[in-house]
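J.: Sequence:
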Amino acid sequence: MDREWFYKDKDTKPVRRPASAPRIGSGVQRSPSGRVPLWALEESLNGQLTEYGHGRKTHSRKPKRVRQPRGRRSGRGLRLGTVGVIALVVGLYLTPTIFDRYIFAAALPYLPGSPVPPHGVDASDVPLGLPPASNGSTSFVLQESPDDSQDYVAYDPCRPVDYVVRPDFAPPGTDGLIEEAVAEISAATGLTFAYRGITSEAPSENRDTYQPDRYGKRWAPILISWTSPAEIPGLEGDVAGLGGSLYAHTPGKPFVYVAGQVQLDAPALTENLQYPAGRDQVRAVIVHELAHVVGLDHVDDPSQLMYEENNGLTALGDGDRAGLALLGAGPCVSQL
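Those letters in the sequence shown? Residues 57 to 392, per our numbering, in order.
No lab work stands behind these hints, which were simulated from the structure alone.
For each residue, glycine too, the CB sits at the ideal point set by N, CA and C.
Treat the hints with caution; some may be incorrect.
Stated by the list, open to error - DEER-style ranges, computed between Cβ atoms:
(1) 390 with 270: 21 to 31 Å
(2) 329 with 174: 35 to 45 Å
(3) 365 with 289: 13 to 23 Å
(4) 269 with 224: 12 to 22 Å
(5) 252 with 181: 16 to 26 Å
(6) 330 with 232: 16 to 26 Å
Let's have the full structure, built from the sequences with the hints guiding it.
T.: Here it is, written out as structure tokens:
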């Protein structure tokens with residue numbers, strides 16, 4: 057079992073990486089005074105344009121054990137012309153703060169081939185919903201944060217969490233299960249999920265978080281797919297599904313989840329449907345994966361649905377609900 061990207065501790069506290077992700081614009085060459093010459097800006101934009109943030113895929117289970125996929129990066133590599141950006145700064149020498157926090161972050165969504173959408177699409181000034189009050193349980197584990205100064209990453213509660221479904225290969229008898237699972241996670245987090253229809257997009261371990269030709273100028277919606285180990289090798293063995301999200305970041309603001317996936321092993325779950333309460337078991341798998349998508353990790357407590365091995369539970373436990381309520385109270389970041 058590959059556990060390289062699986063993090064948890066016995067105290068069920070959020071875990072963190074040893075170091076923060078690199079800041080946008082941090083690789084630009086500067087003069088001794090700290091200013092950025094124009095030639096250095098052009099070189100940086102052509103050769104050192106970085107992604108907004110580092111993402112990773114998370115994981116789930118079959119009736120017994122779980123395999124953890126490797127991490128992925130949010131966004132796409134990019135090389136582009138800089139005429140438009142240079143026009144903004146001709147004749148100027150830029151301080152590090154101005155470049156990192158304002159010029160680069162503001163210009164990036166409007167550059168040709170940008171890996172990120174315009175800022176604040178569908179964003180409200182206030183959260184669209186509120187999470188339930190915490191029940192006080194500590195029996196949950198949050199996904200690791202990429203930044204020591206941020207305890208956890210969550211979806212922005214001030215905008216809808218869009219999702220689409222690829223219905224190909226859906227087992228007979230599963231109608232409505234995805235909608236029921238989404239409604240359960242929405243109620244437990246207070247996040248507003250918005251169904252954006254069916255899609256022909258295939259699941260992928262290297263999915264782009266921004267696909268303007270397919271979904272318009274917004275972050276790609278969560279993709280929920282019925283698939284198989286033939287299409288997604290990570291589902292081989294005792295893995296009934298995979299779930300996780302990628303995050304984005306702009307300087308000076310919190311990391312936020314912006315796109316995710318749930319990949320369901322249709323052949324394995326078809327088999328599960330043959331057993332008593334099989335439909336409830338399949339729904340529980342989908343809820344488990346969606347909980348990974350919004351930020352929960354596995355917990356070493358067999359009374360919780362987020363326990364890494366499927367022991368027959370079909371409902372969220374108190375710890376699951378406490379963790380989901382916390383994840384529904386994340387920051388609003390309209391700058392993404």
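J.: Now look at each hint and say whether the structure bears it out.
T.: Evaluation of the provided hints:
no. : hint                     : result
1   : 390 with 270: 21 to 31 Å : 23 Å, holds
2   : 329 with 174: 35 to 45 Å : 43 Å, holds
3   : 365 with 289: 13 to 23 Å : 21 Å, holds
4   : 269 with 224: 12 to 22 Å : 20 Å, holds
5   : 252 with 181: 16 to 26 Å : 23 Å, holds
6   : 330 with 232: 16 to 26 Å : 19 Å, holds
Violated hints: none; the structure is consistent with every hint.
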